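**Student:** Sequence:
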Amino acid sequence: MKIFSCICGVTSTLFFESTQCTTCGRLTGYCQDIKAVIGFDATESAGIYTSTVNEKQYRQCDNYSQHQACNGMVPTDSIKADVLPNQMLCFSCHFNENIPNLSVPGHTALWRKLETAKRRTLVTLSDLELPLLDKQQYPELGLSFDFLADKQVSDHFTTPLDGYDPVFTGHNNGHITINIAEADDVARTSTRLAMGERYRTLLGHFRHEIGHYYWDVLIARHPAECKRFRALFGDERESYQDALKYHYENGAPDNWQDNFISPYASMHPWEDFAETWSHYLHMIDTLETAQSFGLQVNTNNHTTDNTDMKELHLPQAINYFDKKSSLLDMIETWVRFSVILNSLNRSMGLPDAYPFVLNEVIEKKLRYIHYIIHTSVSNPHTKLPAAAKALLNNSAL
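Numbered according to the UniProt record's numbering, the sequence shown spans residues 1 to 397.
Since the hints were derived computationally from the structure, they do not count as laboratory data. These numbers were taken from a predicted model, which means no experiment stands behind them. Glycine included, each C-beta is placed from N, C-alpha and C at the ideal position. Fair warning: there could be bad hints in the mix.
Quick list of in silico lysine-lysine cross-link-like pairs, BS3-like style, CA-CA up to 27 Å [stated by the list, open to error]: (1) Lys-35 x Lys-80; (2) Lys-2 x Lys-35; (3) Lys-323 x Lys-2.
Label-pair ranges, simulated between beta-carbon atoms [as the list claims (entries may be wrong)]: (4) Cys-24 x Asn-359: 46 to 56 Å; (5) Arg-228 x Ser-78: 18 to 28 Å; (6) Gly-294 x Cys-24: 47 to 57 Å; (7) Ser-190 x Ser-45: 46 to 56 Å; (8) Gly-25 x Asn-173: 43 to 53 Å; (9) Leu-232 x Ser-45: 50 to 60 Å; (10) Ala-220 x Gln-241: 16 to 26 Å; (11) Thr-76 x Trp-256: 33 to 43 Å; (12) Gln-20 x Ser-292: 12 to 22 Å; (13) Lys-323 x Ser-292: 17 to 27 Å; (14) Ser-45 x Gln-241: 48 to 58 Å.
With the sequences and hints as input, model every part of the structure.
**Tutor:** Here's what the structure looks like:
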């Protein structure tokens with residue numbers, strides 16, 4: 001994720017989550033129309049702000065102005081005349097179908113964490129020019145989110161709520177449900193330890209579940225892509241329920257590291273794809289952040305001189321979201337950079353930031369993710385492969 005700056009000075013760094021410039025005090029927010037976090041000046045009209053970048057007028061997303069749950073800004077020229085109060089939502093928030101019950105103490109704070117992770121995920125997907133369709137417009141292909149609870153927040157989601165069905169984080173036909181317990185650090189860490197996981201983050205959940213969504217959109221409806229997918233990940237037509245039962249009864253195979261990015265990826269081809277997809281997003285987003293700060297990574301162990309290392313240090317010219325960028329170069333850079341990340345964490349007494357190993361098999365799967373993202377074709381709404389485009393246009397597959 002890029003870093004940004006306020007108009008008040010080059011040292012006025014704005015981050016993706018920024019809501020105020022710490023130098024001049026201006027309101028700041030994320031604008032999807034220009035894909036940047038920028039500063040705003042108040043106008044004489046209540047709730048109307050002028051961009052310091054293009055003098056365009058904006059309003060805060062309702063979830064920003066009323067709950068500080070996001071930092072999204074909405075151009076006033078895009079607001080429809082019939083929009084009602086509590087319905088003026090930003091690029092990210094408009095995908096919500098159900099949010100947590102905000103009358104419950106503690107839920108609002110957890111919701112803010114959920115929105116931050118979701119917004120970061122969606123912006124990465126937008127930068128990749130992937131389809132981001134909502135269910136109101138496209139019921140068959142659209143995306144939506146539920147953020148729900150089934151236990152008490154007061155004891156870190158240990159005690160079940162009376163009369164509430166269990167909430168399982170997952171994906172179903174474009175609808176992603178996240179149990180808000182995943183936004184609670186204590187509850188999430190307890191789950192991670194109980195399941196023997198080395199890595200479990202809220203952002204990781206969003207990236208994983210969105211991988212299932214894009215499997216449906218980019219692969220499932222396209223027979224040729226299904227064939228390519230099965231050659232790498234296996235046959236997804238095998239019973240998912242049987243695979244799930246076997247995994248939780250027997251665990252991952254002893255040699256899972258030979259073929260899978262994580263133990264969970266070994267459960268079923270769908271999970272293998274979703275796990276690999278999430279790691280692809282981890283990689284490109286983190287590398288872009290490092291690049292945005294101007295960091296350089298020496299990948300040659302035989303020299304410390306970076307002056308002749310244009311192909312080997314962290315490339316400042318490369319666009320990690322461009323199909324022309326070499327995935328092999330990106331992986332090489334990421335492997336070296338993740339070692340540095342882990343070493344920095346250890347110096348702070350923290351666990352490894354990226355406790356995973358990439359081998360040739362996993363690199364081939366990452367190459368497929370890179371391929372499937374960047375070979376989608378254009379249509380009037382977004383970029384979709386031919387089969388999904390036909391469905392969008394109500395044509396026979």
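**Student:** All hints are to be evaluated individually against the structure, with a verdict given for each.
**Tutor:** Hints versus structure:
1. Lys-35 x Lys-80: Holds, at about 21 Å.
2. Lys-2 x Lys-35: holds (10 Å)
3. Lys-323 x Lys-2: At roughly 18 Å apart (the allowed maximum being 27 Å), Lys-2 and Lys-323 satisfy the hint.
4. Cys-24 x Asn-359: 46 to 56 Å: Cβ of Cys-24 to Cβ of Asn-359: about 49 Å, so the range 46 to 56 Å holds.
5. Arg-228 x Ser-78: 18 to 28 Å: 38 Å Cβ-Cβ, so the 18 to 28 Å window is violated.
6. Gly-294 x Cys-24: 47 to 57 Å: Violated, since Gly-294 and Cys-24 (Cβ atoms, about 24 Å apart) do not stay within the stated range.
7. Ser-190 x Ser-45: 46 to 56 Å: Given a distance of about 48 Å, which is inside 46 to 56 Å, the answer is holds.
8. Gly-25 x Asn-173: 43 to 53 Å: Holds - the Cβ-Cβ distance for Gly-25 and Asn-173, about 45 Å, lies within 43 to 53 Å.
9. Leu-232 x Ser-45: 50 to 60 Å: Holds, since Leu-232 and Ser-45 (Cβ atoms, about 55 Å apart) stay within the stated range.
10. Ala-220 x Gln-241: 16 to 26 Å: holds (18 Å)
11. Thr-76 x Trp-256: 33 to 43 Å: violated (52 Å)
12. Gln-20 x Ser-292: 12 to 22 Å: holds (20 Å)
13. Lys-323 x Ser-292: 17 to 27 Å: This hint holds: roughly 20 Å between Cβ atoms.
14. Ser-45 x Gln-241: 48 to 58 Å: holds (56 Å)
Of the numbered hints stated above, those contradicted by the structure are hints 5, 6, 11, listed in ascending order.
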